[in-house]
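Enquirer: Take a look at the letters that make up each chain.
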Amino acid sequence: MPRSFKVRSKKAGLPPGSLVHIGEQKREETRVTILDYDEAHVEEKEAETVGECFPFKDRPTATWINVEGVSDVQAIERLGGCYGLHPLVLEDILNTDQRPKMEDYEQYSYIVLKMLTYHDPSGQVQAEQISLVLGQNFILSFQEGKEGDVFGPIRERIKTGKGRIRKMGVDYLAYTLIDAVVDNYFIILEKLGERIESLEEALVVNPTTGTLREIHSLKREMIFLRKAVWPLREVISSLERGESPLVRESTRVYLRDIYDHTIQVIDAVETFRDMVSGMLDIYLSSISNRLNSVMKVLTIIATLFMPLTFLAGVYGMNFKYLPELEWRWSYPVFWLVSIAIGVSMLVYFKKKKWI
Amino acid sequence: MPRSFKVRSKKAGLPPGSLVHIGEQKREETRVTILDYDEAHVEEKEAETVGECFPFKDRPTATWINVEGVSDVQAIERLGGCYGLHPLVLEDILNTDQRPKMEDYEQYSYIVLKMLTYHDPSGQVQAEQISLVLGQNFILSFQEGKEGDVFGPIRERIKTGKGRIRKMGVDYLAYTLIDAVVDNYFIILEKLGERIESLEEALVVNPTTGTLREIHSLKREMIFLRKAVWPLREVISSLERGESPLVRESTRVYLRDIYDHTIQVIDAVETFRDMVSGMLDIYLSSISNRLNSVMKVLTIIATLFMPLTFLAGVYGMNFKYLPELEWRWSYPVFWLVSIAIGVSMLVYFKKKKWI
Amino acid sequence: MPRSFKVRSKKAGLPPGSLVHIGEQKREETRVTILDYDEAHVEEKEAETVGECFPFKDRPTATWINVEGVSDVQAIERLGGCYGLHPLVLEDILNTDQRPKMEDYEQYSYIVLKMLTYHDPSGQVQAEQISLVLGQNFILSFQEGKEGDVFGPIRERIKTGKGRIRKMGVDYLAYTLIDAVVDNYFIILEKLGERIESLEEALVVNPTTGTLREIHSLKREMIFLRKAVWPLREVISSLERGESPLVRESTRVYLRDIYDHTIQVIDAVETFRDMVSGMLDIYLSSISNRLNSVMKVLTIIATLFMPLTFLAGVYGMNFKYLPELEWRWSYPVFWLVSIAIGVSMLVYFKKKKWI
Amino acid sequence: MPRSFKVRSKKAGLPPGSLVHIGEQKREETRVTILDYDEAHVEEKEAETVGECFPFKDRPTATWINVEGVSDVQAIERLGGCYGLHPLVLEDILNTDQRPKMEDYEQYSYIVLKMLTYHDPSGQVQAEQISLVLGQNFILSFQEGKEGDVFGPIRERIKTGKGRIRKMGVDYLAYTLIDAVVDNYFIILEKLGERIESLEEALVVNPTTGTLREIHSLKREMIFLRKAVWPLREVISSLERGESPLVRESTRVYLRDIYDHTIQVIDAVETFRDMVSGMLDIYLSSISNRLNSVMKVLTIIATLFMPLTFLAGVYGMNFKYLPELEWRWSYPVFWLVSIAIGVSMLVYFKKKKWI
Amino acid sequence: MPRSFKVRSKKAGLPPGSLVHIGEQKREETRVTILDYDEAHVEEKEAETVGECFPFKDRPTATWINVEGVSDVQAIERLGGCYGLHPLVLEDILNTDQRPKMEDYEQYSYIVLKMLTYHDPSGQVQAEQISLVLGQNFILSFQEGKEGDVFGPIRERIKTGKGRIRKMGVDYLAYTLIDAVVDNYFIILEKLGERIESLEEALVVNPTTGTLREIHSLKREMIFLRKAVWPLREVISSLERGESPLVRESTRVYLRDIYDHTIQVIDAVETFRDMVSGMLDIYLSSISNRLNSVMKVLTIIATLFMPLTFLAGVYGMNFKYLPELEWRWSYPVFWLVSIAIGVSMLVYFKKKKWI
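Protein chains in written order, with numbering that gives the first Met the number 0: chain A, 0 to 354; chain B, 0 to 354; chain C, 0 to 354; chain D, 0 to 354; chain E, 0 to 354.
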């Protein structure tokens, strides 16, 4: 539900570029880790203060500064100052309700992504904002700071020097970071796919009000997912086709690959949406069907017994002159007639395919 | 409802450029305030007559003339005359049912926006038209004149000289004005978001006819909001990409920022629309569900008692030769049979999952 | 309903450019009025024969020839011959089921518009086709010829010389004619808006089958209106942006103004459509709601009285050995039990919120 | 219904350009007629064998070769060989399930159209494929060969030399052929319009299951029609704007005219679709409405008689001590009470507007 | 259902270009067949090891290497190494959940297609991924390796030298391969068309819950089909219009032909979708209709017998003073009245058209 603009209003009235953290605070202190590498060496370091990052700025090596937790406004302002970030970029880093976007500045490109996590019992998908600043020889990445991220294997690869990552520049690193985020979407989709699958089964076997609520909740997850994924397409397409000198030709082919993945994710989300709304139709039809079968039972019972009850009522009348009452075989005849009526009703219903 | 073109018809037949005020008159007299500033000085002044604005025209300083109330046609005509506004611009300023738009004229750009306010008990969103005329060194802003606007903090910032506002030109001022209007949308969205949230809860707990009316009314607010917000996207995008020399390069990056916000607002409105129409589906399903459960109760009761009533009717018959009547254990056997029928019915319903 | 292509078929098989009048004949004879003016003079004249128009062709003054009634094929053919109109243009003038369009020919531009009128008791919107031929120094306008048009005030303005109309060329006159037609749409919209408003009230107070029919009929008016209005957007946009030398630069700004109005009209039509289809949803929900409440009444009554009737039936049985029959307090106890059953049922329904 | 790709599968696996006739065989032998003309002369001839067409190829006069029946593969192959048609064009001529399209080849343009016919009792629209090959000085037209076509009046015009058709080239002839096909659509639309109109009336007066089936069948006709008409728009637009030297400048204005007609047809089809789906809504509402009124009758009856039946049951009980039984006025009082209950129920229902 | 991204997640975290087989393993060993040909000779060979393919690389003849089964990662890597394929291409070949796409690399073009098969009892459509690598003088094709493919006739044509296939280059071979895949879609469509047709009949004759499930399952097949077919349009259009020197001018006309077929397939899928969702509407209406008729039966029965039962109950009362009980003709009069009531009810229902 309105997961995304809850506290935006606290910024209204402030001058543009005012640095205020917007969003749920997911981590108390800010944790800064530096990974500096070139083909030959690699250096990892956890920075106590933001100031420790500054010396890396002028080194020719590739530097990846990862900031977890964006509620410490001062620290981020200082870092931004050192790396020459525009106040609006800093503002966007702090406001964690951005939609995915890409903006070219002269010295760097600024990219906003959403990292998604799936909460297992509730089935809710949650988003964490990832901001990337891609410079000539550095990448700054800002996470909201929930425990855990999807970048672990990348760090490992850099440290061990496996693959081509150490040989390629920071643009390739940017690509691998985005790729990790997008690859993670497939896991979310798989989880949602399982949920849909089990929901479809429930729908066929025994649809309840809970099924309806589940459909509704899935629909909302889809709306949420869509918002995170659709804009990505444009982001990556503009990275790929963009004229930014920060992205080398050799990296573009990889970006095209992520672009394909993004399209695949969007495709899947749209397919899910189609499926979920199809399920609502099925649910409604099955309710109607059940109403129909309930009504048939009622109608059959009423149609069977109403004439019979009337008949019994007739011979319960106290008229003095009611000849049948005196007859010897009245009672057995009454039963015969009753059973005949009952059977003919049942035959009629059978013919109408009600039973 | 038809909140927007109610009295437009009174213009039909008049020559183009005829100055007639269209819309609800929200304020009797027109109030004109002048704010003239450059980096070094600032001068604020409430003008008695429109004439007091004229001297500011030729000053090199930045001048912001804010007009509240647009029903005094003469005053606005005179002001327009002094600042060289095209008759069609004046017409548009007076007709408060414009949709947001941007028009480039040679000497100035004309921008129409909608300032929204949320009325708390009724939950209605209302719009006030803001017209901005951005010239080389002046901005004219026209409001319909309801009490209060969203520009207070900007005035404060100019007067105190906080931030970069005094150092940048009038194009930056235009940006801050638009930004204030757009930022205000987030507050409206938040309010609507809360309403949707509480409606969703009501929908789950106890949907009533009132819920339906609330859904319907929310839907209408969305239609209304959409009309105010969608065109804005184009307005700001054409300001940003436009070739107007009035907007300096340094300001464009800020406009891109508002553009992002606008997209976010549109996104939110669309998400809300999706949610609200999803709610209608849920409401309809829950009505059907309830009908189902009502019908089940009826069917169970009827199916239980109809056979029994028939049976009681049978032994209420006055046939002379009805052997069971004479038997000693007829009555207890009758009850046993009745209970057996009742229990077997209930077991049947249990098996069918009706109870 | 199929108001627009009813008799088109009578043209099938004829060679292109065959002049056949298509559409309802709204006027018997053709009436031609000429208005010739420049800044200094004005001359108005009702032409007996079409031939009287010919001398005006070569005058440098602006000439507006207005033709009411297009069923006199010969007259229109002669006029077309004199002013050099292409056979296809003449064909389109006669076929009154065109959609709005603009076509540039070398010597002139041809514009088709729809003038709408609202018929008050039935609430039907009807269209009359207006064809404009804009030449270097003349305008030919063709109306189907229903009594009355929206051009009265324009004639007045030309004759009295009020405003800038006499100073500007025929392109400005074309603009004012189109503007008059578009302004008239607002009146139609207002009327429809009122109808929607009163329908919404009826929907809340007491929805009947008549409400449904009204919704349906409004929907059809919207479909009809849409067809008249949507293409207009392109017409005016291509007039404004077109490279036709017939439209002077100074007139373009006015065309932009009509363009805005057209967008406003389209917006309103779309909003109305949204509202009307929302109303259908509400109507359906309220039917379901009512069914629900009817069924509840039935269920409550049946559930109350069926057990009681059974009980009464039991003690109406004629068993010889039925001990309760002999007891002294049986009857009052029966009533007590009955009332107890009734009350507990009601409590149960109360708890289920059915009553 | 799957009217269009039923036997396509028999081509799967064949090399491209394999000439196999696909579609229902509508005519046994192939009939070839030649119409050769210029401004001065005209020659009509029914060809016994395809070979008779060959001499016309090199004549400077305009030649129209019309082929009815496309199941004689050899004949068409020979004709194609003589006129230099690409194997793929021949393949497309034989496969009668093409969608309308236009393809430029170096020496000629290939156009596929659908000629529609309306079958009166069933109300089904059927399509026949028309292939046109427009060369420098010849037109080949291929029809599937059902009895009758829409080209009769054109032949007449060529033979009598009426109109400008003999003076203009084959491109103008191509235009008249397309125009005849499109004009014919209006007749189909008119028929469908009448069907819709009568359906709407039935819907208001007495909607039955037949109405539903009719709505459904109309919907399918619309889907079918759409497929034939939508692509036409692009076909004609690319003919008009195309750079093909085969289409002279003077003919383009006529093509623009057909383009307009096509848009009109599409418009009408879309309007019909809107109307038909609106009718489904109305149908569903009217079913619900009727269910409502049925249920009201049931509820009123049950609510009236259930309490009364209970009351009668009470005084049918055989309790020894049941004081009312002995009273003198019990019976009349019983009736009075019964009537009072009945009347008050009716008043209640009246108030609830159920009766 | 989520047939397409089930195991994608096992790649998350791996470096890009990591070769992991994704998808169901459809075949254990990889089978490689080589077909080398020019106009004069043809050589077919089943390769034991991938290495046997290498010598063909530098031959000027056209070489088609077909690989069935993509789970042997090493073999594919070696083949890719020899033919200079980019790691991302190899990755895509192994990941069998790609959507159709075309990518130009410097030395070759990479094309992904979906080959569909229809499983007859279940009616499910299944997809197998076909990857084509089109080089200067070679084509590599990779299939997932299910038994059987659609390329048999093409092999035959190459071997026998029938048609133009041996004279044209590998680009023409690529075209025939794609054409075979697309032609195969028509067979699938035909099967689905038959299913829809039989479903429509079932819907009219006797709609059951099974019909609903069938509709739902068809809807899902459509969603699945759409995903395989829609992107194809872009693939082929970019092949046709692309500037790749690998595709000769003479082949482009054939690609245009496949493009047409693709559009036809898409058209058919969309038509099917429309039809299937129309069927859901019909199904829902027919359920409502049946509910209506059930309720009518119930209402008629209840309305008939309730008053009669009441009447019988009245004369079953034991009042001492109940004059009718003593009358001579009470009983026959009772029956007369009962029948009169019954008949008048039936007349009433007849008039209301319920029976």
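Hints in this document: simulated from the structure, not taken from any laboratory.
All figures in this text were calculated on a predicted structure; none of them were measured in a lab.
Errors might be hidden in some of the hints.
All copies of an identical chain are treated as equivalent in the list; a pair is satisfied when it fits inside any one copy or across any two copies.
[What the hints assert, rightly or not] Below, a list of computed lysine-lysine pairs in the BS3-like style, where the Cα atoms sit at most 27 Å apart:
(1) K100 x K226
(2) K319 x K25
(3) K190 x K226
(4) K226 x K56
(5) K319 x K145
Enquirer: Against the structure, test the hints numbered earlier, and report the numbers of the ones violated in rising order.
Expert: Those not satisfied are hints 2, 4, 5.
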